Amino acid sequence: MSSTEIRSQVREFISGRFPQVTFDDDQDIFEMGFVNSLFAMELVVFVERTFSVRVPNGELRRENFRSVTSITEVVERVTAASTTA
Amino acid sequence: MTNVAVVGAGVMGTGVAQNLAQSGHTVVLIDRDEQTVERAMARIGLNCRLSHMFGGPETDSEEVLSRITGGTDLALLADSEVVIENITENWELKSELYPRLDAAAHPDAVFVANTSAIPITRIASLTSRPERVAGVHFMNPVPMKPAVELIPGHHTTPEALERVRSLLDSMGKKAIDVNDACGFVSNRVLMLTVNEAAFLVHEGVADAETVDEVFRSCFGHPMGPLETADLIGVDTILYSVEVLHEHYADSKYRPCPLLKKMTDAGLHGRKSGQGFYRYDGSGAAVTSSREPLPATG
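Protein sequences, first through last, are from chains A and B. Taken in order, the first sequence gives residues 45 to 129; the numbers are from the numbering used here. Taken in order, the second sequence gives residues 5 to 301; the numbers are from the numbering used here.
Be aware that one or more of the hints could be misleading.
[Claimed, not checked] The following residues of chain B were derived to be distant from chain A, with all beta-carbon distances above 10 Å: (1) 51; (2) 53; (3) 58; (4) 69; (5) 79; (6) 144; (7) 151; (8) 213; (9) 222; (10) 225; (11) 237.
[Unchecked claim] Have a look at the derived ranges for each label pair, beta carbon to beta carbon: (12) 132(B) / 96(A): 52 to 60 Å; (13) 144(B) / 64(A): 24 to 32 Å; (14) 161(B) / 57(A): 51 to 59 Å; (15) 258(B) / 94(A): 47 to 55 Å; (16) 127(A) / 76(B): 22 to 30 Å; (17) 59(B) / 94(A): 38 to 46 Å; (18) 46(A) / 193(B): 32 to 40 Å; (19) 67(B) / 46(A): 31 to 39 Å; (20) 269(B) / 127(A): 44 to 52 Å; (21) 269(B) / 94(A): 28 to 36 Å.
By construction, these hints were calculated from the structure, which means they are not laboratory data. Fair warning: this is a prediction, and the values are worked out from it, not measured in the lab. All C-beta atoms, glycine included, are put in the ideal place defined by N, C-alpha and C.
Given these sequences and hints, build the entire structure.
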């Protein structure tokens, strides 16, 4: 899956949950105040199911899930690691 | 380390089991429904993995899960030194369960009732070991909350209470001692506050957003009473107020009709997508621009 497709699916998931909120791909969704621990949990489950990956515990860091761009990067990183493993 | 049985794998039981296992204890997690146990185990695994994202310790989810055995058979608790009961806050259910726990557990095991309102002495009367029954009112989410109410029943021995306090201490919980009375301290005040806040909306004095704004802006509370009601569950609030009303037979605990109507209508708060506010999405996600329920006369 291309970076653009990953980015688009991540963006669609977040904006589907928060349709009234406008945000760009680099904006910190935690700092915007609407992300709580329950949504973070949904986000991780969404990423793992949609992209068929298991995010290693070391990658489960707030900075990796703070924006559309950072989530896209973590998916690419984890996918690449599982392909080369 | 202690062998602990956690009975009831709902939100509270799941949190208690996770907290115990993270603290190094061996846990059996029992529920009458197998799927509920499976869901609880999955939730604990995910919670542990995500713990670090929210300022918690780095937790090895597999190690934590390896300390928990899930199942539906009460025979699993035969070797447990402490049994923590977390089933629904319903007297009929508890009075059916406790004699069975009493028969299944080791005679020396201490029972802990995780209840938010039901008197511990009344629960202890269901068993043959009232001197080894204590109450603990855990707060939600259990692994994140630093304190609990610790309640002895009329017959609870100091030794049994100290065993419970020591277990709580190992879980990182400060035990605040409170005497046995329906609702203890926390819910005697909180439920009455939420009920009265619901009356303000019911009578059209203010809408939910305004009531909560007064508590947040004037008193500095992180959440208003009606946001709290949505978090706890409007139905749970109603049941707790009804327990207080029944127990004290005092009209100050009369449940607000709006709570009854909302419960009947399925407006149970965050878990159902609408309570005093509407919540977006299918899960627990909350929109930043919540629409409050309009005030009704």
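Hint by hint, here is what the structure shows:
{"no.": "1", "hint": "51", "verdict": "violated, 8 Å"}
{"no.": "2", "hint": "53", "verdict": "violated, 6 Å"}
{"no.": "3", "hint": "58", "verdict": "violated, 5 Å"}
{"no.": "4", "hint": "69", "verdict": "holds, 13 Å"}
{"no.": "5", "hint": "79", "verdict": "holds, 33 Å"}
{"no.": "6", "hint": "144", "verdict": "holds, 12 Å"}
{"no.": "7", "hint": "151", "verdict": "holds, 19 Å"}
{"no.": "8", "hint": "213", "verdict": "holds, 16 Å"}
{"no.": "9", "hint": "222", "verdict": "holds, 21 Å"}
{"no.": "10", "hint": "225", "verdict": "holds, 17 Å"}
{"no.": "11", "hint": "237", "verdict": "holds, 14 Å"}
{"no.": "12", "hint": "132(B) / 96(A): 52 to 60 Å", "verdict": "holds, 53 Å"}
{"no.": "13", "hint": "144(B) / 64(A): 24 to 32 Å", "verdict": "holds, 28 Å"}
{"no.": "14", "hint": "161(B) / 57(A): 51 to 59 Å", "verdict": "holds, 54 Å"}
{"no.": "15", "hint": "258(B) / 94(A): 47 to 55 Å", "verdict": "holds, 49 Å"}
{"no.": "16", "hint": "127(A) / 76(B): 22 to 30 Å", "verdict": "violated, 41 Å"}
{"no.": "17", "hint": "59(B) / 94(A): 38 to 46 Å", "verdict": "violated, 27 Å"}
{"no.": "18", "hint": "46(A) / 193(B): 32 to 40 Å", "verdict": "violated, 56 Å"}
{"no.": "19", "hint": "67(B) / 46(A): 31 to 39 Å", "verdict": "holds, 37 Å"}
{"no.": "20", "hint": "269(B) / 127(A): 44 to 52 Å", "verdict": "holds, 51 Å"}
{"no.": "21", "hint": "269(B) / 94(A): 28 to 36 Å", "verdict": "holds, 34 Å"}
In summary, the numbered hints that this structure violates are 1, 2, 3, 16, 17 and 18.
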